[in-house]
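S.K.: Sequence:
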Amino acid sequence: IILLNVFRSHSMTVVMKTQARWSVMERADVFYAGIALIVLGTVLVVSSFLALGFTGTFLGDYFGILMDEKVTGFPFNITDNPMYWGSTANYLGLAFIGASPVGLVLTSMVATAYKVAINYEGPFTIQIYQQRNQHCKVE
Numbered sequence: 005i006i007l008l009n010v011f012r013s014h015s016m017t018v019v020m021k022t023q024a025r026w027s028v029m030e031r032a033d034v035f036y037a038g039i040a041l042i043v044l045g046t047v048l049v050v051s052s053f054l055a056l057g058f059t060g061t062f063l064g065d066y067f068g069i070l071m072d073e074k075v076t077g078f079p080f081n082i083t084d085n086p087m088y089w090g091s092t093a094n095y096l097g098l099a100f101i102g103a104s105p106v107g108l109v110l111t112s113m114v115a116t117a118y119k120v121a122i123n124y125e126g127p128f129t130i131q132i133y134q135q136r137n138q139h140c141k142v143e
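Heads up: the sequence shown at position 27 corresponds to 31 in this note's numbering, and the numbers run straight through without jumps.
Honestly, the hints are just simulated from the structure, not real lab data. Heads up, some of the hints might be wrong.
FRET-style restraints, in silico, Cβ to Cβ [claimed, not checked]: (1) Ser27 / Lys74: 40 to 50 Å; (2) Gln138 / Val34: 43 to 53 Å; (3) Cys140 / Ser27: 51 to 61 Å; (4) Val19 / Gln138: 40 to 50 Å; (5) Cys140 / Pro105: 43 to 53 Å; (6) Val75 / Ala37: 22 to 32 Å; (7) Glu73 / Val19: 35 to 45 Å; (8) Lys21 / Cys140: 50 to 60 Å; (9) Arg25 / His139: 52 to 62 Å; (10) Cys140 / Val120: 25 to 35 Å; (11) Arg31 / Thr83: 22 to 32 Å; (12) Glu73 / Tyr124: 17 to 27 Å; (13) Gly126 / Val47: 20 to 30 Å.
Listed next, the in silico DSSO-like pairs over lysine-lysine satisfying Cα-Cα at most 27 Å (straight line) [said to hold, decoys possible]: (14) Lys74 / Lys119; (15) Lys119 / Lys21; (16) Lys141 / Lys74.
Remember, it's a predicted structure, so these values are computed and weren't measured experimentally. Think of the CB as a built atom: it goes at the ideal place given N, C-alpha and C, for glycine as much as any other residue.
Using the sequences and the hints, build the whole thing.
M.R.: The following block contains the structure:
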């Protein structure tokens with residue numbers, strides 16, 4: 005999973021750099037907005053990782069490795085899916101900094117894929133924790 009993420013990020017960066025820039029986006033305010041998005045995205049991603057740990061971050065739920073309880077502190081008190089939205093903010097920030105229309109399109113595709121994943125992962129996570137809680141009550 006980690007290597008696929010690195011590969012995706014690298015591929016998106018390469019594509020953004022090799023495609024034409026959009027003059028409408030070549031402004032200081034867009035550039036600085038891109039930097040702000042990358043800072044925000046990085047804070048969300050790193051703080052998510054710190055809150056969940058390695059196992060909780062990389063599909064621990066799917067392999068039956070559950071946290072003691074749902075993480076509700078920062079950044080999960082800001083958004084339910086800070087890793088996804090932080091990553092999206094990073095890609096959008098790169099698109100802004102690079103004045104890349106292709107980057108905007110790719111970012112929207114990544115955000116759409118994340119939204120689809122969230123629609124499945126959210127209910128799945130709720131279900132497995134409910135099952136565990138029911139199992140614990142029986143014992």
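S.K.: Assuming the hint says 22 to 32 Å, is it satisfied by the Cβ distance from Val75 to Ala37 or not?
M.R.: 29 Å, holds
S.K.: If you check the beta carbons of Gln138 and Val34, does the distance land in 43 to 53 Å?
M.R.: 51 Å, holds
S.K.: I want to verify a distance hint. Is the separation of the beta carbons of Val19 and Gln138 within 40 to 50 Å?
M.R.: 47 Å, holds
S.K.: Do the Cβ positions of Ser27 and Lys74 conform to the proposed distance bound of 40 to 50 Å?
M.R.: 46 Å, holds
S.K.: Mind checking the hinted window 25 to 35 Å against the Cβ distance between Cys140 and Val120?
M.R.: 31 Å, holds
S.K.: Is 22 to 32 Å right for how far apart the beta carbons of Arg31 and Thr83 are?
M.R.: 28 Å, holds
S.K.: Is 20 to 30 Å respected by the C-beta to C-beta distance linking Gly126 and Val47?
M.R.: For Val47 against Gly126, whose Cβ atoms are near 22 Å apart, the range 20 to 30 Å holds.
S.K.: Could you see if the CB distance from Glu73 to Val19 stays within 35 to 45 Å?
M.R.: 41 Å, holds
S.K.: Between Cys140 and Pro105, does the beta-carbon spacing fit 43 to 53 Å?
M.R.: About 52 Å separates the Cβ atoms of Cys140 and Pro105, which means 43 to 53 Å holds.
S.K.: For the pair we were handed, Lys74 and Lys119, check the Cα-Cα distance against 27 Å.
M.R.: Status holds; Cα separation ~20 Å.
S.K.: Is 50 to 60 Å right for how far apart the beta carbons of Lys21 and Cys140 are?
M.R.: Holds: the Cβ-Cβ distance is about 51 Å, inside 50 to 60 Å.
S.K.: Regarding the pair Lys119 and Lys21, is the alpha-carbon distance no greater than 27 Å?
M.R.: 26 Å, holds
Every hint from the earlier list agrees with this structure, and none is contradicted.
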